[in-house]
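Protein chains: 2
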Amino acid sequence: MTTPTAAMLVIGDEILSGRTRDANMYHLAGMLTKAGIDLKELRVVSDDRDAIVGAVNDLRARFTHVITSGGIGPTHDDITADSIAAAFGTGIGIRDDARAIMQARAERTGSELNAARLRMARIPDGATLIHNPISGAPGFSLGNVHVMAGVPAIFQAMVAEVLPKLDGGVPVESRTLRVPSPEGMVAGPLAEIAAIHPDVSIGSYPFIEDGMYGTNLVVRSRDRAALETAFAALQASFG
Amino acid sequence: MTTPTAAMLVIGDEILSGRTRDANMYHLAGMLTKAGIDLKELRVVSDDRDAIVGAVNDLRARFTHVITSGGIGPTHDDITADSIAAAFGTGIGIRDDARAIMQARAERTGSELNAARLRMARIPDGATLIHNPISGAPGFSLGNVHVMAGVPAIFQAMVAEVLPKLDGGVPVESRTLRVPSPEGMVAGPLAEIAAIHPDVSIGSYPFIEDGMYGTNLVVRSRDRAALETAFAALQASFG
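Going down the list, the protein sequences come from chains L and S.
Under my numbering, the first sequence has 58 at position 58, and the numbering climbs by one with no breaks.
Under my numbering, the second sequence has 152 at position 152, and the numbering climbs by one with no breaks.
Keep in mind the hints are simulated off the structure, nothing from the lab.
Quick caveat: nothing in here was measured; it's all calculated off a predicted structure.
Incorrect hints may have been included.
To be verified - Only pairs whose alpha carbons sit at most 16 Å apart, straight line, appear in this in silico EDC-like list of lysine to aspartate or glutamate:
1. S:Lys40 / L:Glu173
2. S:Lys40 / L:Asp48
3. S:Lys34 / S:Glu173
4. S:Lys34 / S:Asp223
5. L:Lys34 / L:Glu209
6. L:Lys34 / L:Glu192
Go ahead and model the full structure; you've got the sequences and the hints to work with.
In structure tokens, the structure reads:
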């Protein structure tokens, strides 16, 4: 079985301008790992139509699943839905089912379904809605592209909604050995262990803590027996 | 004057696997903003030669500056330097000046300049070294691509070394107004203010806090007078 792959596209200026630290990438990476889907690429682009169209078309051609976050709100700088429609060359307009969701929420909360909010019912032709249990305004899936909100609580709810429906795989498991030696001392024996355990991936992550150099060795595999064997070899060398 | 642009490429499985939260992107985004360089795109790819070559060649053609982090250590999965050489179609080998730096450090710290560490002296032909005041092993610049370590302390030191040498611009300044209203109530008047202040960019960032919806409105501009005028208009509407 081929392992399904994924890419994530974050849309908006929030991270690029240094204003905030990302939260959604970290959340999605963890959830995809549990679902057995290999996250191969993350991208962040600004609220720029050409940038979004270019990235979406590149990523959807190369990976099984593409998840986007951000730019589907009610304001003038929210251009994700229109850009996704442009990327697919399809039309876009206010859709009755999306409008009905917005209308029901407005009535329930006593808020106004104004022109700005109604923009959030603009959905590209042929898309399937993604339920938003937090604030109503839906995301949508078009082809292999799943378009979600950027607000972390809503993004997480939409991921929880969509992920069980995606083709998944056998989850990658991992074990980490923390070694109190600099990477340069570990690298030689590590390469030998990696060479005789080709069925696992072994990553090496150097760190500096209180002025001391250390290395985290992380074994990853979909095969638990292979994982344990390789981990035991690491412990024998470095433990 | 054209505003210089930048992209950042993070290389490695650490973020993609959900193991760690990024720190270097956040640091670089803030530093570039201060330097007046527009960060237009962030990408994260795994330690995969084709993925690195493809991303580097795409980004260096589209942006003034490209900064990479990660994958220049001594272990078997550190393939950034070789991949950069492949992207530029140049040779790569152990370089005398880089070896001398590694040798001097080994003597100073009483450590061994073993084969693994010597790999960190492999530098693509024609590159300029980037000084590493923390652990010795240099980064390098080749064309408009600046290749730095992934360990945050070293990455930050290399950014501090390189950034003053890059073409910069007038820094973008920003002011933020925190509004205790959901984005859907703010969007209409906000679009009008944005339309009559085309010389600033106005971003809108919704949040949910203790179950209440609010919106941060961020005005950005290189023109301080225009920034203050637009910010005053926001305060008059929403303050």
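Hint check:
1. S:Lys40 / L:Glu173: Violated. S:Lys40 to L:Glu173 sits at ~34 Å, over the 16 Å cutoff.
2. S:Lys40 / L:Asp48: holds, 10 Å
3. S:Lys34 / S:Glu173: holds, 8 Å
4. S:Lys34 / S:Asp223: Holds, at about 14 Å.
5. L:Lys34 / L:Glu209: violated, 29 Å
6. L:Lys34 / L:Glu192: Roughly 29 Å separates the two Cα atoms, so the pair is violated.
Violated hints for the displayed structure, listed by number in ascending order: 1, 5, 6.
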